[in-house]
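J.: All chains, please: the whole structure from these sequences, using the hints.
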Amino acid sequence: MIRAEGVSKIFGPQPASIMALLEQGKSKSEIQQETGHVVGVNNASFDIAPGEVFVIMGLSGSGKSTLIRCVNRIIEPTGGRILFKDPEAGELDVTTLDYEQLRMLRKQHMSMVFQHFALFPHRTVLSNATYGLEIQRRPDSERKRIGQEVLDMVGLGEWGQAYPSELSGGMQQRVGLARALATQARVLLMDEPFSALDPLIKVNMQQELKRIQQELQRTILFITHDLDEAMRIGDRIAIMEDGEIIQIGSPEEILVNPRTEYVARFVEHADPTGVITAGTIALPFTSSLVQRVGNRYGLQYFARRGYPRLRYGQDSTGRLKHVMTNERELPVQPLEQVIEARAADHLPERRDDLILTCPETTVLRQVLRGRLHSALPIVVTDRDGRIRGLVDDPELISGILEKRGHFQQDTVTTSDCAP
Amino acid sequence: MGELLEFLRALLNDPFDFVDLPARQAITDAVNWVVANFRDFFRTYVSPPVRGVMNGVHGALSAIPPGMFLLGVFALGWWAASWRVGLFSLISLGLVGFMGVWDPLIITLSLVVTAVFFCVLFGLPLGILCSRSDRFNAILRPVLDIMQTTPPFVYLVPAVMLFSIGNVPGLIATIVFAMPPMIRLTNLGIRQVQSEFIEAAVAFGSTHRQILWKIQFPLALPTIMAGLNQTIMLSLSMVVIAAIIGAGGLGLEVYAGLERLNIGQAFVGGIGIVLLAMVLDRITQGLGEKAPGARHKSE
Ligand SMILES: Nc1ncnc2c1ncn2[C@@H]1O[C@H](COP(=O)(O)OP(=O)(O)OP(=O)(O)O)[C@@H](O)[C@H]1O
Ligand SMILES: [Mg+2]
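Residue numbers (our numbering), protein chains in the order written: chain V, 600 to 1018; chain R, 1337 to 1635.
Calculated directly from the structure, the hints in this document are not laboratory data.
There may be inaccurate statements among the hints.
Said to hold, decoys possible - Here are some chain R residues pointing at chain V (derived, C-beta under 8 Å): (1) 1381; (2) 1385; (3) 1535; (4) 1539; (5) 1546.
Claimed, not checked - The calculated label-pair distances, taken between Cβ atoms and stated as ranges, are: (6) V:757 - R:1487: 53 to 61 Å; (7) V:807 - R:1531: 29 to 37 Å; (8) R:1381 - V:635: 23 to 31 Å; (9) V:748 - R:1543: 23 to 31 Å; (10) R:1531 - V:615: 20 to 28 Å; (11) V:622 - R:1531: 48 to 56 Å; (12) R:1391 - V:687: 40 to 48 Å; (13) V:635 - R:1361: 50 to 58 Å.
Please read these numbers as outputs of a predicted model, since none were measured by experiment.
Think of the CB as a built atom: it goes at the ideal place given N, C-alpha and C, for glycine as much as any other residue.
T.: This is the structure:
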C-alpha cells in the first residue's frame, strides 16, 4: 500500500551536497559537526501492506516525525521515493506528484494525526473534527453526522461546541484523532497519537484503533515511544536510530531476535508474555532431548526430560494420535477449552495426567494460564494440527526471562534439566 | 601638495558648498508634471467614488435621529466589548452633542468611516499579498515607511493641487496616511500564524485559498483588528488636520476657532475629537478581542 524506497531528509541550506557524504558512510553526528546540516532521515525503506499496522519506534530525535511527514510530503524528502498503491487511486509515485495531485491524495486517501495535536484554536471541537470533510466539500448535514460519530467514537460526544483551549491535553489529542478518522481515508499517518492519554483511555483507544483498522481495512503508519503499545497494536515494527531504520520485524521477531545492541536495549523491558508465542519457544521433536523411535503405527517419541514414561504417538500426517504412559492413554484437551472452562474465583487443580495442546501462535500468557491446569508438557501444533514440539517449564522460563526461543538456546535447557 | 591640503580643509569645513542637489526644484517639477498630466484622470476616476462613499455614509449617519444614534452606539459598544464600554460611548458622544457640535461630529465620523473603508478595501488585499510574497513585501515596505513617516502636512499640498479643496483631497490624504498599519498588521498577522496549523491544513488537502480563509485569516484577525484600530486613530488625526484644506467636521471647529481666536470653539472641537477617538478605540479593541482567532491568546 505504501512503499518507501531509500527515503532521506537532510535539513540545512544545501541538502543535496550532503547526500554524497551519507553515501560515503559518514555518520549523522559527523555531518552535523562538519557541515551544520542535520540528517533527519537516512535511507529509510519499508513496505506497508494494505490493512497493516506498521509501527515506527525510536528515541527522541531519531527521525520518526520527519519520516512520517515525508510520506505525505508535508516535508519534501531530499532523496528516495514514496509509492502509494490503492485499488481506487491506482499506483502513484508520491514523490513526483504535482501540487494538485498531491492535494487530492491528501484529501481523499491519507489523513494525519499530529504529535502536538495542531488543532485549530479558532474552531470548535466539532468543526475541527470535520475539517477534512469540509475540504472534501461534503454537505453540511453529512459533516455534522460524521463529526458526531467520530467524536462519540473517541469519547468526546458532549464536547462538540467547546473550543480546543477548553480541553485537557488528552482530550485534544482525541480530537486530533477524530479529525483524522472523519475523512475516511484509507491510510492513517499517526504521529504519537496516544502519547498524552492516561493508561486506561490509552488501552481503550488502542483497542478501538485495532477495531477500526480491522473493520474498515485502514492501513496505519503509527509512531510511538511506548514499547508495549507498539507490541500490542503493531503487525510489524521498525526501529529507528539516528535517522536510519535498523530493524523491521514482527513484535516477536524484534523481541526474540534484536539485530543490534541498540534494539536489544530498546526491547529489554518489554513484557514478552503477550508477544512471544508457543511456536517460538517449543522444544522441537528433533531436539536431542526427545527420542524418536519408528514403529508400524507411525512415529513415537519419548520425552526424556523428567517424563521418561511419556510416549507421543503421531498418525501418518503428523498429528497427535495419543499420549501414553505405561500403556495408559492420557486425556488430551485443547488449552483454550480448559482455560475458558475455568471458574474465575479459585485456582484450578493442577493435574499431572492431562495433556494440553495449543496452536503455535498462542502467546506465552495463554500458555502460562494453561500451565495452571496441567503439570505435563504442552503439545504445540502448527496450522495444520501437526506436532511442532513441546513446551515445558524450562522453555517458558527462558522465554520470559531471556526472551529467547529454543532454536537459539538448546544448551541452557539441557544443563538445567538433565535427568 | 599645498593645494590639496587647502581643498581638503575646504571640504571638511563646508562640504555642502561643493554639490548642490536641486531637490526642491526636482520635486516641484515632478509634482507639477503629475498635476499637469494626471489631474483630469484623478478628478474623473478617483474623486467620484471617494465623494460618493463619503456622501452616502454622511447621508446615512445624519438621517438617524441623534437619540437613536446614541442608543445604537450603546448597543454596539455593549456587543463589541461590554456594557461599560457601551455606557461610556453613550455618555461621551452625548456630551459632544450637548456641547452643540453634533453635526460636525457626524461629519468627522463620516470622513473617518469613508477613509477607513478605503484603507481596508486596499490595505487588506495588499497586506495579504505582502504575506504571500517576500519580494512584494520587500518592495512595499519602504513605500509604507515613506507614507507613514512623511509629516501629514506634506500630503496636503499635492492633494490640493490634484483635487482642489474640500472633503475629497482631505480624504485622499487621510487614506494615504492611514493605510500603512492596515497593510503592515495584516501581513504580520498572517505571517505569525504558527506553521503547525498550516501543516495540519495542508495535510488534509486544503488549497492555498482555503488555508488563507479558513486558517490564516481568522487566526490573524486579532492582529488585523489591531491594524484597523491604528488605521482608525490615524484617520481621525488626519481628518482633523485636513480641515486646513477645507474638510469639514470637528477639525474645522478647531481650525476656525483658532483663526478667530475663539478658544472656546476650538476646545469644544478638540474635546469632541478626543471623545470620539476614545469611543472608536474602545469599540474596535473590543471587536479585536471578540475575533475567534483571539481564543488561543487568552490562554
Ligand atoms: N525543521 C527542521 N529543521 C532542522 N532540523 C530538524 C527539523 N525538524 C527536525 N529536525 C531534526 O531532525 C531530527 C529528527 O527529528 P524528528 O522530529 O523527526 O524526531 P522524532 O523521532 O520525531 O523525535 P520525537 O520522538 O521527540 O518526536 C532531529 O535531530 C531534529 O533536530
Ligand atoms: Mg516526533
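J.: Check each numbered hint from earlier against the structure, then list the numbers of those it violates in ascending order.
T.: As far as the earlier hints go, 1, 2, 8, 11, 12 are violated by this structure, in ascending order.
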